[in-house]
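J.: Here is how the chains run, residue by residue.
Number of protein chains: 2
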Amino acid sequence: KRTKNIVYGKRGMSLEDEINESNKYYLESGIAVIHKKPTPVQIVDVFYPKRSAAVIKKAYFKQASTTDYNGVYQGKYIDFEAKETKNKTSFPLSNFHEHQINHMKACCKQDGICFTIVKFVADAQIFLMPSETLFYYWDRQNNGRKSIPKEVIAQDGFEIAYELQPRIPYLKYVDRLINK
Amino acid sequence: KRTKNIVYGKRGMSLEDEINESNKYYLESGIAVIHKKPTPVQIVDVFYPKRSAAVIKKAYFKQASTTDYNGVYQGKYIDFEAKETKNKTSFPLSNFHEHQINHMKACCKQDGICFTIVKFVADAQIFLMPSETLFYYWDRQNNGRKSIPKEVIAQDGFEIAYELQPRIPYLKYVDRLINK
Ligand SMILES: [Mg+2]
Ligand SMILES: [Mg+2]
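Line by line, the protein sequences are chains A and B.
Per my numbering, residue 113 is the first one in the first sequence, and the count goes up by one each step.
Per my numbering, residue 113 is the first one in the second sequence, and the count goes up by one each step.
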C-alpha cells in the first residue's frame, strides 16, 4: 500500500539529502529560495600555506542556535527543521533542543511560517508538522509525555507524498498550511 | 560634523560585530529574528576522542553561496550583505561575488527585501544600499565603471546614523525602503 514511497523514496538517501535536492529544484524553477544553513563550526587554528588555500587545522562543532533551513517563498519567510526518527508510533521530543524551539517561537511571532519535516524512516513516511503542535507538546513535556504521537502529527499536519520532481514537494503543503 | 559617528561607532569594532550586536538587540526586544549565517566549511577529517568532543582536524573554507544575513521582520523576509570598504568616494564591485548577486536577485523575485549595508570605514559612514542600485551597476560593469559612487548610494539608499541601542538601527531604514 506504500508503493509510491517505495518507488520514489530512495533507500540510501537521508531526509536532508532529499530536502536539499527538492530545494535545488525549487531554486532552479524560480519557485522559492530556501537553503540549508551551514554547520556552525568554532575555528581554533588555521594554517595559511604559501601557494594554496587556507587549511583549518583545528575546529569544533558548535551547537546550532537556529533551525536547519530558511528562506523565502512568495514573499513569505519560511523556517523549518528536518528530523528523522526510527520510532514507529511517535516522535520523541528529545530530537529537539530548547534553542531550536525558542528560535521557531520567535520566528512565529514575526509571522514567519515555521514547521518541522518529520520522517518516520521505518515506513518512509514524511509529515509536515505545524509548529503549534510541536510547541504544545514541548511546553507540556515535564508533566506529560515526551513524544508526539504519529496520529497527532498526521491529524494536525499533512502527510507528504513523495513525487518525482521535487522528491519532497513540501511547499504544496505549506500552501495548505497558510490557507488552513 | 560627524561627531555622532565618532561617539557611537566604536573604533575597533568590525561592521559585522556591530550588526551582530544590533541583531542581538532586535532579537531580545522581539523586533526581528535576523542571524548571520555560519561560515561554510568543507570538513575533511574529524577525530572522535573517547571522552571529549569531536575535533575537526582538517577542513577548508567554502565559497558562500548566499549572503551574510537573513531572517524575518514583521512577516517579511530580510536578506542582506554587509561590506566594508577603505575607498573614500565609491564602492568597488569586486567586493561582490556573482553568486551573491544571483542569490539576491532570486530573493527579490520572491518578494524578499534585499539590500547591502555598506560601510566607508575612513569616514565611519554607513549606508543601506537597495539591491536595485547594486544590480544596475553590476549588470553594466563590463562596459562601464567597476564601482558604485558614494553619492549614488546616498541618493538611492539611506545613510544610517549610529545610535546607542541598537548601534546600527538598520530596520528603521528598511521601513523606509518598504514605504518608498
Ligand atoms: Mg535536522
Ligand atoms: Mg560580508
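Possibly wrong hints are sitting among the right ones.
A pair holds if it fits inside one copy or across any two, identical chains being indistinguishable in the list.
In silico BS3-like pairs for lysine-lysine, Cα to Cα no more than 25 Å straight-line [stated by the list, open to error]:
| no. | residue 1 | residue 2 |
| --- | --- | --- |
| 1 | K149 | K262 |
| 2 | K170 | K200 |
| 3 | K174 | K162 |
| 4 | K174 | K262 |
| 5 | K258 | K148 |
| 6 | K148 | K221 |
| 7 | K198 | K148 |
| 8 | K136 | K200 |
| 9 | K188 | K262 |
| 10 | K262 | K200 |
| 11 | K148 | K162 |
| 12 | K292 | K262 |
| 13 | K284 | K262 |
| 14 | K217 | K149 |
| 15 | K136 | K221 |
| 16 | K162 | K262 |
| 17 | K221 | K284 |
| 18 | K174 | K149 |
| 19 | K292 | K174 |
| 20 | K217 | K174 |
These aren't lab readings, by the way, just hints derived from the structure by calculation.
J.: Next, verify each hint and record whether it holds.
T.: Each hint, compared with the structure:
Proximity of K149 to K262 under the C-alpha cut-off of 25 Å is found in neither arrangement, the shortest distances being 27 Å within a copy and 33 Å between copies. Taking identical chains as interchangeable, the C-alpha atoms of K170 and K200 are never at most 25 Å apart, the minima being 39 Å within one chain and 38 Å between chains. For the homomeric pair K174 and K162, the shortest alpha-carbon distance between copies (18 Å) is at most 25 Å, but the shortest distance inside one copy (29 Å) is not. Taking the shortest Cα distances, K174 and K262 never come within 25 Å of each other, neither inside one copy (31 Å) nor across copies (39 Å).
Taking the shortest Cα distances, K258 and K148 never come within 25 Å of each other, neither inside one copy (27 Å) nor across copies (32 Å). In the homo-oligomer, the alpha carbons of K148 and K221 lie at most 25 Å apart both inside one protomer (22 Å) and across protomers (20 Å), since each shortest distance falls under that limit. With identical chains, the CA atoms of K198 and K148 are at most 25 Å apart within one copy only, with a shortest distance of 23 Å there and 33 Å across copies. In this assembly of identical chains, K136 and K200 lie within 25 Å of each other by CA distance neither inside one copy nor across copies; the values are 30 Å within and 40 Å between.
For a Cα distance limit of 25 Å, the shortest separation of K188 from K262 qualifies neither inside one copy, at 28 Å, nor across copies, at 32 Å. In this assembly of identical chains, the alpha carbons of K262 and K200 lie at most 25 Å apart only when taken from the same copy (8 Å versus 60 Å across copies). In the homo-oligomer, the alpha carbons of K148 and K162 never lie at most 25 Å apart, since the shortest distance is 33 Å inside one protomer and 30 Å across protomers. In the homo-oligomer, the alpha carbons of K292 and K262 lie at most 25 Å apart inside one protomer (20 Å), although the nearest pairing across protomers, at 47 Å, exceeds that limit.
When the C-alpha separation of K284 and K262 is checked against a cutoff of 25 Å, the pair qualifies only within one copy, where the shortest distance is 21 Å, while the shortest distance between copies is 44 Å. Taking identical chains as interchangeable, the C-alpha atoms of K217 and K149 lie at most 25 Å apart whether they share a chain (18 Å) or sit on different chains (19 Å). Taking the shortest alpha-carbon separations for K136 and K221, only the inter-copy value of 16 Å comes in at or below 25 Å, while the best intra-copy value is 28 Å. In this assembly of identical chains, K162 and K262 lie within 25 Å of each other by CA distance neither inside one copy nor across copies; the values are 56 Å within and 36 Å between.
When the C-alpha separation of K221 and K284 is checked against a cutoff of 25 Å, the pair qualifies both within a copy, at 23 Å, and between copies, at 19 Å. With identical chains, the CA atoms of K174 and K149 are at most 25 Å apart both within one copy (13 Å) and between copies (13 Å). Proximity of K292 and K174 under a CA criterion of 25 Å is satisfied in neither setting, with 37 Å inside one chain copy and 40 Å between copies. When the C-alpha separation of K217 and K174 is checked against a cutoff of 25 Å, the pair qualifies only within one copy, where the shortest distance is 21 Å, while the shortest distance between copies is 31 Å.
Hint compliance for this structure: hints 1, 2, 4, 5, 8, 9, 11, 16 and 19 are not met, and every other hint is.
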